[in-house]
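S.K.: Sequence:
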Amino acid sequence: MINLHTQDKRRYPVATLCRLFGVTKQAYFKDVEQSRLTRLSQEAFAVEFIHSVRKVDPGIGGMKLWYMYCKEFKGNAPLGRDRFETVVDKYGLKVRLKVRKPRTTDSRHGLPLYPNLVKAFIPAGPNQLWVSDITYIPIWIDDHDYRFCYLSLIMDAYSEEIMGYQVGATLEAFYCIMSLRKALKKCEERQTDLSGLIHHSDRGLQYAGSKYVGILKEHGIAVSMTESGNPKENPQAERVNNTFKNELFYGRRFRSLAEVRAGVDTAVEFYNRSRPHMSIDMMTPMKASLCQGRLKKRWHSYRESAINKLSDMGDNP
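Residue numbers (this note's numbering): 147 to 463.
Do not take every clue at face value.
Computed cross-link-like contacts, DSS-like style, restricted to lysine-lysine with a CA-CA straight-line distance of at most 25 angstroms [to be verified]: (1) LYS433 to LYS201; (2) LYS240 to LYS220; (3) LYS331 to LYS357; (4) LYS240 to LYS210; (5) LYS443 to LYS433; (6) LYS363 to LYS331; (7) LYS433 to LYS328; (8) LYS201 to LYS240; (9) LYS265 to LYS363; (10) LYS442 to LYS220; (11) LYS328 to LYS363; (12) LYS210 to LYS236; (13) LYS442 to LYS378; (14) LYS217 to LYS236; (15) LYS443 to LYS210; (16) LYS363 to LYS332; (17) LYS265 to LYS378; (18) LYS240 to LYS443; (19) LYS442 to LYS217; (20) LYS220 to LYS363; (21) LYS217 to LYS201; (22) LYS357 to LYS332; (23) LYS210 to LYS433; (24) LYS236 to LYS265; (25) LYS433 to LYS217; (26) LYS332 to LYS433; (27) LYS217 to LYS331.
FYI, nobody ran anything at the bench for these hints, they're computed from the structure.
Using the sequences and the hints given, assemble the complete structure.
M.R.: Right under this line is the structure:
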(Lines of atoms letter the chains of each structure in order from A; the text may use other names.)
(Lines give C-alpha, C1' and ligand atoms only; values in the text may rest on other atoms or scores of the structure.)
Protein backbone atom coordinates (compact mmCIF):
# COMPACT_ATOMS: atom_id res chain seq x y z
CA MET A 147 0.00 0.00 0.00
CA ILE A 148 2.68 2.46 0.95
CA ASN A 149 4.63 1.79 -2.22
CA LEU A 150 1.55 2.21 -4.42
CA HIS A 151 0.59 5.50 -2.78
CA THR A 152 4.16 6.78 -3.03
CA GLN A 153 4.39 5.92 -6.73
CA ASP A 154 1.15 7.72 -7.75
CA LYS A 155 -0.83 9.60 -5.08
CA ARG A 156 -3.63 10.62 -7.47
CA ARG A 157 -4.15 7.16 -8.88
CA TYR A 158 -3.85 5.42 -5.50
CA PRO A 159 -5.37 7.70 -2.81
CA VAL A 160 -5.17 6.50 0.79
CA ALA A 161 -8.95 6.09 1.20
CA THR A 162 -9.23 3.88 -1.91
CA LEU A 163 -6.29 1.70 -0.90
CA CYS A 164 -7.68 1.25 2.62
CA ARG A 165 -11.01 0.05 1.26
CA LEU A 166 -9.27 -2.24 -1.24
CA PHE A 167 -7.07 -3.91 1.39
CA GLY A 168 -9.67 -3.79 4.17
CA VAL A 169 -7.73 -1.67 6.66
CA THR A 170 -8.51 1.55 8.45
CA LYS A 171 -6.80 4.86 7.78
CA GLN A 172 -5.47 4.80 11.34
CA ALA A 173 -3.81 1.41 10.70
CA TYR A 174 -2.37 2.67 7.42
CA PHE A 175 -0.81 5.79 8.96
CA LYS A 176 0.47 3.76 11.92
CA ASP A 177 2.21 1.45 9.43
CA VAL A 178 3.63 4.47 7.58
CA GLU A 179 4.99 5.85 10.84
CA GLN A 180 6.46 2.49 11.81
CA SER A 181 8.15 2.18 8.39
CA ARG A 182 9.57 5.70 8.76
CA LEU A 183 10.94 4.91 12.22
CA THR A 184 12.46 1.64 10.95
CA ARG A 185 14.11 3.47 8.07
CA LEU A 186 15.47 6.18 10.38
CA SER A 187 16.80 3.62 12.87
CA GLN A 188 18.54 1.72 10.04
CA GLU A 189 20.12 4.96 8.88
CA ALA A 190 21.17 5.81 12.44
CA PHE A 191 22.85 2.41 12.87
CA ALA A 192 24.64 2.85 9.52
CA VAL A 193 25.87 6.35 10.41
CA GLU A 194 27.04 5.17 13.84
CA PHE A 195 28.91 2.28 12.20
CA ILE A 196 30.56 4.60 9.65
CA HIS A 197 31.70 6.96 12.40
CA SER A 198 33.13 4.05 14.42
CA VAL A 199 35.21 2.84 11.44
CA ARG A 200 36.27 6.38 10.51
CA LYS A 201 37.75 6.83 13.99
CA VAL A 202 40.36 4.25 12.96
CA ASP A 203 40.43 4.87 9.19
CA PRO A 204 39.26 8.46 8.55
CA GLY A 205 39.57 8.31 4.77
CA ILE A 206 38.14 4.86 3.97
CA GLY A 207 35.89 4.86 0.89
CA GLY A 208 32.21 4.03 0.61
CA MET A 209 32.50 0.58 -1.04
CA LYS A 210 34.85 -0.80 1.59
CA LEU A 211 32.61 0.67 4.31
CA TRP A 212 29.60 -1.07 2.84
CA TYR A 213 31.35 -4.46 2.76
CA MET A 214 32.38 -4.04 6.39
CA TYR A 215 28.85 -2.90 7.31
CA CYS A 216 27.24 -5.94 5.62
CA LYS A 217 29.64 -8.26 7.41
CA GLU A 218 28.89 -6.60 10.77
CA PHE A 219 25.11 -6.62 10.38
CA LYS A 220 24.69 -9.84 8.38
CA GLY A 221 21.32 -11.41 9.21
CA ASN A 222 19.97 -8.19 10.71
CA ALA A 223 18.45 -6.63 7.58
CA PRO A 224 21.37 -4.37 6.60
CA LEU A 225 20.83 -1.57 4.11
CA GLY A 226 21.38 -2.37 0.45
CA ARG A 227 24.30 -0.77 -1.36
CA ASP A 228 22.24 1.97 -3.02
CA ARG A 229 20.56 2.99 0.26
CA PHE A 230 23.90 2.85 2.05
CA GLU A 231 25.42 5.19 -0.56
CA THR A 232 22.40 7.47 -0.16
CA VAL A 233 23.04 7.62 3.59
CA VAL A 234 26.71 8.48 2.97
CA ASP A 235 25.61 11.36 0.72
CA LYS A 236 22.72 12.47 2.94
CA TYR A 237 24.85 12.83 6.07
CA GLY A 238 27.87 14.37 4.34
CA LEU A 239 30.13 11.38 4.94
CA LYS A 240 32.03 11.40 1.63
CA VAL A 241 35.77 12.05 1.73
CA ARG A 242 38.07 13.83 -0.67
CA LEU A 243 41.65 12.65 -0.98
CA LYS A 244 44.55 15.06 -1.18
CA VAL A 245 47.84 13.72 -2.50
CA ARG A 246 51.18 15.31 -1.64
CA LYS A 247 54.58 13.71 -2.16
CA PRO A 248 57.92 15.15 -1.11
CA ARG A 249 61.13 13.47 -2.25
CA THR A 250 62.08 10.46 -0.13
CA THR A 251 64.40 8.63 -2.56
CA ASP A 252 67.99 9.52 -3.42
CA SER A 253 69.58 7.06 -5.86
CA ARG A 254 72.70 9.16 -6.50
CA HIS A 255 74.93 7.12 -4.22
CA GLY A 256 77.24 4.95 -6.37
CA LEU A 257 76.35 1.75 -4.49
CA PRO A 258 75.73 -1.53 -6.37
CA LEU A 259 72.26 -1.77 -7.90
CA TYR A 260 70.17 -4.80 -8.80
CA PRO A 261 67.94 -5.60 -11.80
CA ASN A 262 64.17 -5.43 -11.77
CA LEU A 263 63.09 -9.06 -11.30
CA VAL A 264 59.36 -8.45 -11.16
CA LYS A 265 58.56 -6.80 -14.49
CA ALA A 266 56.54 -9.81 -15.60
CA PHE A 267 56.06 -11.51 -12.24
CA ILE A 268 52.68 -12.03 -10.56
CA PRO A 269 52.85 -13.85 -7.20
CA ALA A 270 50.57 -16.87 -6.84
CA GLY A 271 50.87 -17.09 -3.07
CA PRO A 272 52.12 -15.22 0.02
CA ASN A 273 55.81 -14.56 0.63
CA GLN A 274 56.81 -14.79 -3.01
CA LEU A 275 57.17 -11.01 -3.43
CA TRP A 276 57.59 -8.24 -0.89
CA VAL A 277 57.43 -4.61 -1.97
CA SER A 278 59.02 -1.89 0.10
CA ASP A 279 58.96 1.90 0.18
CA ILE A 280 59.18 4.99 2.37
CA THR A 281 56.56 7.70 2.73
CA TYR A 282 56.36 10.88 4.78
CA ILE A 283 54.00 11.89 7.60
CA PRO A 284 53.87 15.50 8.80
CA ILE A 285 54.20 16.36 12.48
CA TRP A 286 52.51 19.68 13.21
CA ILE A 287 54.40 22.10 15.44
CA ASP A 288 51.48 24.55 15.39
CA ASP A 289 48.59 25.31 13.04
CA HIS A 290 50.94 26.50 10.30
CA ASP A 291 54.37 24.90 10.71
CA TYR A 292 55.30 21.25 10.47
CA ARG A 293 58.22 18.87 10.09
CA PHE A 294 58.33 15.40 8.58
CA CYS A 295 58.87 11.93 9.92
CA TYR A 296 59.09 8.88 7.66
CA LEU A 297 57.25 5.56 7.53
CA SER A 298 59.10 2.53 6.10
CA LEU A 299 56.76 -0.24 4.97
CA ILE A 300 57.22 -3.78 3.70
CA MET A 301 54.11 -5.35 2.18
CA ASP A 302 53.45 -8.82 0.84
CA ALA A 303 52.37 -8.27 -2.76
CA TYR A 304 50.02 -11.28 -2.84
CA SER A 305 48.04 -10.86 0.40
CA GLU A 306 48.57 -7.07 0.81
CA GLU A 307 49.62 -7.75 4.42
CA ILE A 308 51.98 -5.26 6.02
CA MET A 309 54.84 -7.51 7.07
CA GLY A 310 57.12 -4.90 8.63
CA TYR A 311 57.03 -1.19 9.37
CA GLN A 312 58.93 1.49 11.27
CA VAL A 313 58.49 5.22 11.81
CA GLY A 314 61.74 7.20 11.81
CA ALA A 315 62.61 10.79 12.60
CA THR A 316 64.92 10.89 9.56
CA LEU A 317 65.52 9.07 6.28
CA GLU A 318 68.42 7.08 7.73
CA ALA A 319 68.70 3.46 6.55
CA PHE A 320 68.48 2.32 10.18
CA TYR A 321 64.68 2.61 10.16
CA CYS A 322 64.29 0.57 6.96
CA ILE A 323 66.48 -2.11 8.51
CA MET A 324 64.23 -2.15 11.59
CA SER A 325 61.20 -2.59 9.32
CA LEU A 326 62.91 -5.50 7.55
CA ARG A 327 63.85 -7.17 10.83
CA LYS A 328 60.21 -6.95 11.99
CA ALA A 329 59.05 -8.64 8.79
CA LEU A 330 61.62 -11.42 9.20
CA LYS A 331 60.69 -11.89 12.86
CA LYS A 332 57.02 -12.29 11.89
CA CYS A 333 58.01 -14.95 9.38
CA GLU A 334 60.17 -16.71 11.95
CA GLU A 335 57.27 -16.82 14.41
CA ARG A 336 55.04 -18.29 11.70
CA GLN A 337 57.77 -20.70 10.59
CA THR A 338 57.45 -19.33 7.06
CA ASP A 339 59.56 -20.71 4.22
CA LEU A 340 61.20 -17.71 2.50
CA SER A 341 62.91 -19.65 -0.28
CA GLY A 342 61.96 -18.06 -3.58
CA LEU A 343 61.03 -14.73 -2.00
CA ILE A 344 61.86 -11.54 -3.93
CA HIS A 345 62.28 -8.19 -2.18
CA HIS A 346 61.47 -5.28 -4.52
CA SER A 347 62.21 -1.60 -3.80
CA ASP A 348 63.37 1.61 -5.41
CA ARG A 349 67.09 2.34 -5.85
CA GLY A 350 67.36 4.54 -2.78
CA LEU A 351 70.37 4.59 -0.51
CA GLN A 352 68.35 2.93 2.28
CA TYR A 353 67.77 -0.23 0.21
CA ALA A 354 71.07 -0.35 -1.67
CA GLY A 355 73.20 -0.13 1.48
CA SER A 356 75.42 -3.10 2.28
CA LYS A 357 73.74 -3.83 5.60
CA TYR A 358 70.21 -3.98 4.19
CA VAL A 359 71.23 -6.05 1.16
CA GLY A 360 73.35 -8.28 3.41
CA ILE A 361 70.34 -9.15 5.59
CA LEU A 362 68.31 -10.06 2.51
CA LYS A 363 71.05 -12.30 1.12
CA GLU A 364 71.61 -13.88 4.53
CA HIS A 365 68.00 -15.10 4.43
CA GLY A 366 68.19 -16.23 0.79
CA ILE A 367 65.93 -13.41 -0.42
CA ALA A 368 66.47 -12.19 -4.00
CA VAL A 369 67.09 -8.45 -4.40
CA SER A 370 65.07 -6.55 -7.02
CA MET A 371 65.09 -2.81 -7.72
CA THR A 372 63.33 -0.39 -10.01
CA GLU A 373 65.25 0.76 -13.08
CA SER A 374 64.18 4.39 -12.79
CA GLY A 375 62.25 6.74 -10.52
CA ASN A 376 58.97 5.89 -12.25
CA PRO A 377 56.32 4.97 -9.60
CA LYS A 378 54.83 2.46 -12.08
CA GLU A 379 57.80 0.19 -11.38
CA ASN A 380 56.64 -0.22 -7.76
CA PRO A 381 52.88 0.42 -7.98
CA GLN A 382 51.71 -1.60 -4.98
CA ALA A 383 54.08 0.21 -2.64
CA GLU A 384 52.85 3.54 -4.01
CA ARG A 385 49.22 2.50 -3.42
CA VAL A 386 49.77 1.45 0.16
CA ASN A 387 51.61 4.71 0.86
CA ASN A 388 48.64 6.61 -0.51
CA THR A 389 46.24 4.54 1.62
CA PHE A 390 48.09 5.42 4.80
CA LYS A 391 48.52 9.13 4.05
CA ASN A 392 45.17 9.91 2.47
CA GLU A 393 42.83 7.36 3.99
CA LEU A 394 43.97 5.92 7.31
CA PHE A 395 45.40 9.30 8.39
CA TYR A 396 42.85 11.45 6.56
CA GLY A 397 42.28 14.73 8.41
CA ARG A 398 44.60 13.81 11.30
CA ARG A 399 47.26 16.15 12.64
CA PHE A 400 49.95 14.43 14.64
CA ARG A 401 51.81 16.56 17.19
CA SER A 402 54.75 14.30 18.09
CA LEU A 403 56.77 11.34 16.84
CA ALA A 404 55.32 9.20 19.64
CA GLU A 405 51.81 10.09 18.49
CA VAL A 406 52.65 9.08 14.91
CA ARG A 407 54.08 5.75 16.05
CA ALA A 408 50.98 4.97 18.11
CA GLY A 409 48.78 5.97 15.16
CA VAL A 410 50.72 3.73 12.78
CA ASP A 411 50.44 0.77 15.17
CA THR A 412 46.64 1.16 15.22
CA ALA A 413 46.44 1.74 11.47
CA VAL A 414 48.51 -1.35 10.58
CA GLU A 415 46.41 -3.53 12.87
CA PHE A 416 43.21 -2.27 11.22
CA TYR A 417 44.70 -2.51 7.71
CA ASN A 418 45.82 -6.12 8.16
CA ARG A 419 42.89 -7.52 10.15
CA SER A 420 39.76 -5.49 9.36
CA ARG A 421 40.01 -3.43 6.16
CA PRO A 422 38.69 -5.15 3.01
CA HIS A 423 40.87 -4.78 -0.10
CA MET A 424 39.60 -4.60 -3.68
CA SER A 425 42.84 -6.20 -4.89
CA ILE A 426 42.13 -9.42 -2.97
CA ASP A 427 38.41 -9.90 -3.60
CA MET A 428 37.39 -7.72 -0.63
CA MET A 429 39.17 -9.98 1.86
CA THR A 430 41.39 -8.73 4.65
CA PRO A 431 45.16 -9.29 4.24
CA MET A 432 45.18 -11.73 7.16
CA LYS A 433 42.56 -13.87 5.41
CA ALA A 434 44.30 -13.59 2.03
CA SER A 435 47.60 -14.67 3.62
CA LEU A 436 46.04 -18.13 4.07
CA CYS A 437 45.18 -18.44 0.37
CA GLN A 438 47.03 -19.78 -2.65
CA GLY A 439 46.43 -19.21 -6.35
CA ARG A 440 45.13 -16.21 -8.27
CA LEU A 441 42.87 -13.87 -6.29
CA LYS A 442 40.07 -11.89 -7.91
CA LYS A 443 40.55 -8.14 -8.23
CA ARG A 444 37.59 -5.76 -7.98
CA TRP A 445 39.31 -3.48 -10.50
CA HIS A 446 41.06 -4.08 -13.80
CA SER A 447 44.84 -4.43 -13.76
CA TYR A 448 46.19 -3.66 -17.23
CA ARG A 449 49.66 -4.76 -16.14
CA GLU A 450 48.47 -8.20 -15.04
CA SER A 451 46.31 -8.58 -18.15
CA ALA A 452 49.33 -7.86 -20.35
CA ILE A 453 51.53 -10.31 -18.41
CA ASN A 454 48.87 -13.04 -18.52
CA LYS A 455 48.39 -12.48 -22.25
CA LEU A 456 52.11 -12.89 -22.92
CA SER A 457 52.15 -16.00 -20.73
CA ASP A 458 49.22 -17.54 -22.63
CA MET A 459 50.95 -16.83 -25.93
CA GLY A 460 54.09 -18.57 -24.65
CA ASP A 461 52.08 -21.63 -23.59
CA ASN A 462 50.39 -21.79 -26.99
CA PRO A 463 53.01 -21.08 -29.69
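S.K.: Take the hints in turn and mark each one as holding or not.
M.R.: Now the hints, each set against the structure:
no. : hint             : in the structure
1   : LYS433 to LYS201 : 23 angstroms, holds
2   : LYS240 to LYS220 : 23 angstroms, holds
3   : LYS331 to LYS357 : 17 angstroms, holds
4   : LYS240 to LYS210 : 13 angstroms, holds
5   : LYS443 to LYS433 : 15 angstroms, holds
6   : LYS363 to LYS331 : 16 angstroms, holds
7   : LYS433 to LYS328 : 20 angstroms, holds
8   : LYS201 to LYS240 : 14 angstroms, holds
9   : LYS265 to LYS363 : 21 angstroms, holds
10  : LYS442 to LYS220 : 22 angstroms, holds
11  : LYS328 to LYS363 : 16 angstroms, holds
12  : LYS210 to LYS236 : 18 angstroms, holds
13  : LYS442 to LYS378 : 21 angstroms, holds
14  : LYS217 to LYS236 : 22 angstroms, holds
15  : LYS443 to LYS210 : 14 angstroms, holds
16  : LYS363 to LYS332 : 18 angstroms, holds
17  : LYS265 to LYS378 : 10 angstroms, holds
18  : LYS240 to LYS443 : 23 angstroms, holds
19  : LYS442 to LYS217 : 19 angstroms, holds
20  : LYS220 to LYS363 : 47 angstroms, violated
21  : LYS217 to LYS201 : 18 angstroms, holds
22  : LYS357 to LYS332 : 20 angstroms, holds
23  : LYS210 to LYS433 : 16 angstroms, holds
24  : LYS236 to LYS265 : 44 angstroms, violated
25  : LYS433 to LYS217 : 14 angstroms, holds
26  : LYS332 to LYS433 : 16 angstroms, holds
27  : LYS217 to LYS331 : 32 angstroms, violated
Figure legend: structure checked against the earlier numbered hints; hints not met, in rising order: 20, 24, 27.
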